[in-house]
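Number of protein chains: 4
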Amino acid sequence: MPSISCSDCYKNNSTMKKKILALVTGGTFDKEYDMITGQLFFKDTHLHEIFKRGRSTLDITVRTLMMIDSLEMDEQDRDIIVKNCQRSSFEHIIITHGTDTMTQTAKVLADANIENKTIVLLGAMIPYKFGMSSDGFFNLGSALAFAQTMPSGVYIAMHGECFDWNDATKNRATGYFEHLKKMQDN
Amino acid sequence: MPSISCSDCYKNNSTMKKKILALVTGGTFDKEYDMITGQLFFKDTHLHEIFKRGRSTLDITVRTLMMIDSLEMDEQDRDIIVKNCQRSSFEHIIITHGTDTMTQTAKVLADANIENKTIVLLGAMIPYKFGMSSDGFFNLGSALAFAQTMPSGVYIAMHGECFDWNDATKNRATGYFEHLKKMQDN
Amino acid sequence: MPSISCSDCYKNNSTMKKKILALVTGGTFDKEYDMITGQLFFKDTHLHEIFKRGRSTLDITVRTLMMIDSLEMDEQDRDIIVKNCQRSSFEHIIITHGTDTMTQTAKVLADANIENKTIVLLGAMIPYKFGMSSDGFFNLGSALAFAQTMPSGVYIAMHGECFDWNDATKNRATGYFEHLKKMQDN
Amino acid sequence: MPSISCSDCYKNNSTMKKKILALVTGGTFDKEYDMITGQLFFKDTHLHEIFKRGRSTLDITVRTLMMIDSLEMDEQDRDIIVKNCQRSSFEHIIITHGTDTMTQTAKVLADANIENKTIVLLGAMIPYKFGMSSDGFFNLGSALAFAQTMPSGVYIAMHGECFDWNDATKNRATGYFEHLKKMQDN
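Residue numbers (the working numbering), protein chains in the order written: chain A, 1 to 186; chain B, 1 to 186; chain C, 1 to 186; chain D, 1 to 186.
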């Protein structure tokens with residue numbers, strides 16, 4: 001049985017129904033293929049369709065803040081993300097984000113010292129719309145789970161793992177996030 | 001910051017690399033369509049393919065215990081599942097399982113009082129092999145996350161939620177699992 | 001250059017815009033998975049969705065005659081199919097049909113001696129809705145092509161080939177249609 | 001019954017087993033998404049996989065001539081395509097090709113006056129690898145059918161239709177091929 005012996009464990013009490021906020025910022029996760037130009041572009045977020053396909057019964061509110069490649073994010077864009085997290089009454093937040101500068105946004109969020117909120121950034125290496133080869137669906141499932149169970153803080157959820165905000169770096173050659181800190185075996 | 005103030009929070013320290021055991025028992029999750037007979041049947045588990053598609057970097061060991069519809073599970077089958085969990089050195093276990101009798105197996109596991117292990121059962125309403133309409137991929141992502149973060153105990157992970165073993169019942173009309181206990185709002 | 005030297009070649013003049021009639025009778029082609037019962041069943045035909053996905057610019061009219069497994073077809077059902085072909089003003093007709101008794105329906109149509117019409121039956125071994133593994137999409141593309149180019153008569157289009165109505169038999173062990181007549185090499 | 005009253009109808013005798021040559025030149029049809037660069041690129045052709053998925057029983061020989069975007073094709077590239085068609089003993093040839101300059105290649109082939117061969121170019125607006133949204137699979141099914149039934153000559157098979165080589169123009173705004181000649185109703 002979960003022992004409610006500290007404020008962090010409180011979050012792990014699974015009889016607590018969590019309200020989750022999903023902030024959309026774009027990234028490869030939501031890109032689509034434009035058959036006329038042969039380029040990738042953004043239309044609307046696919047989150048609603050994905051929750052439906054996952055048969056999600058979670059209480060999720062979706063807000064699209066922007067739909068951009070994270071390489072194009074600037075200080076104002078990150079400020080919008082921070083402000084939305086700060087002002088929100090939600091204690092569990094996921095943020096879809098391009099993988100290229102996800103760690104930068106994670107740092108800005110951590111530096112803002114937002115209390116009592118579990119914020120999980122996630123992305124995809126292959127657009128969700130590209131079907132059976134996309135990791136987006138899997139990452140979303142794990143991010144939503146981490147958002148419900150991790151203690152307050154800022155995290156990155158990619159390829160099944162949950163990284164502390166200051167423990168992740170994207171390996172641009174392989175496309176994987178790696179731990180900066182020394183990993184202890186379990 | 002996660003405060004390591006109790007043994008349960010210990011599990012939430014994301015610098016701990018978790019070794020996960022995935023036990024396969026079958027269920028709709030792993031069913032395939034037999035074009036000759038027009039029926040669904042089992043071949044091998046698709047877990048390896050799914051982890052690859054999700055680009056999972058988790059340390060997961062897969063063991064197929066059986067490939068059956070959970071309606072066909074009997075006492076001996078459940079005993080095999082329990083024994084495999086008991087004897088295992090893994091502290092984080094996911095079990096793919098048919099949704100029809102998932103709560104029965106969860107109860108048998110809970111009654112076995114297996115200490116220091118987080119055991120998460122998951123399934124799918126639509127076979128993973130049926131492509132874009134399957135909830136299997138999403139459930140697996142969340143189950144792996146819950147297996148890493150939830151305190152010791154037995155859980156059911158379906159459609160994004162994590163149910164205590166004694167808090168879930170499958171609504172056979174809708175195909176969704178529902179909470180038995182009164183839900184508190186967050 | 002195509003020489004319009006006989007009435008059959010007339011059909012091959014690609015500047016002739018063909019109006020095509022698509023008659024839906026069911027079969028594995030249009031089956032769906034019912035997650036509540038775990039069985040396959042019929043809802044509506046997916047033909048419209050398939051034409052859209054194939055970006056078809058053909059002039060196709062769709063009529064659903066029935067949605068049944070072809071093993072359940074009886075004399076009256078086949079009579080409905082024949083009458084619809086006879087009364088129709090369309091000269092190019094495709095019929096989606098279960099593969100199990102497709103040759104029976106083909107014979108009944110041929111025996112009806114319907115003049116000046118190219119009638120092509122097609123089916124699938126895997127439901128279109130099962131995604132990337134379905135042969136339905138491919139068979140439909142070829143059937144529509146054969147319906148535009150073959151001389152008047154009744155045909156079966158499966159796995160890329162066009163069989164004369166009396167030249168096909170379904171191999172129930174392999175799921176493939178085979179030629180009854182001796183094949184000449186080209 | 002098909003009347004073998006002219007050399008062109010000969011091709012429509014479905015008891016003639018046709019050997020088909022599939023020449024691969026690239027184009028959107030065979031492009032893939034490179035998750036590291038975020039760009040589309042070429043690896044190997046997917047034709048073999050597609051024939052398997054369509055459960056094709058056709059006698060098809062695949063030869064990859066090049067894997068390029070058709071905007072990059074030059075005179076030498078087109079010469080390679082022409083020579084391969086000329087020297088080949090196959091009488092039925094399909095050519096996967098980018099849609100942007102498909103009509104140019106079709107003209108060069110027609111000008112080469114290759115006798116006794118039915119040559120059908122096809123492409124896709126969405127890469128086959130992008131799954132459920134690709135028109136590639138459908139176009140391939142129809143192209144293979146047209147290659148078996150059309151009289152000698154050069155054609156373009158796109159979105160279900162078969163265009164004479166000099167009757168097609170790609171509408172770059174919509175992505176569809178349109179007829180240049182006046183269409184007669186059937």
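Check each hint, because a few of them may be wrong.
All copies of an identical chain are treated as equivalent in the list; a pair is satisfied when it fits inside any one copy or across any two copies.
[Stated by the list, open to error] Calculated lysine-lysine pairs in the PhoX-like style (CA-CA distance at most 25 Å, straight line):
(1) K19 with K181
(2) K43 with K129
(3) K107 with K52
(4) K83 with K107
(5) K43 with K107
(6) K181 with K17
(7) K129 with K181
(8) K43 with K17
(9) K83 with K129
(10) K107 with K129
(11) K117 with K129
No lab work stands behind these hints, which were simulated from the structure alone.
message: Hints numbered earlier in the text: which of these fail when held up against the supplied structure?
response: 3, 5, 7, 8, 9, 10 and 11
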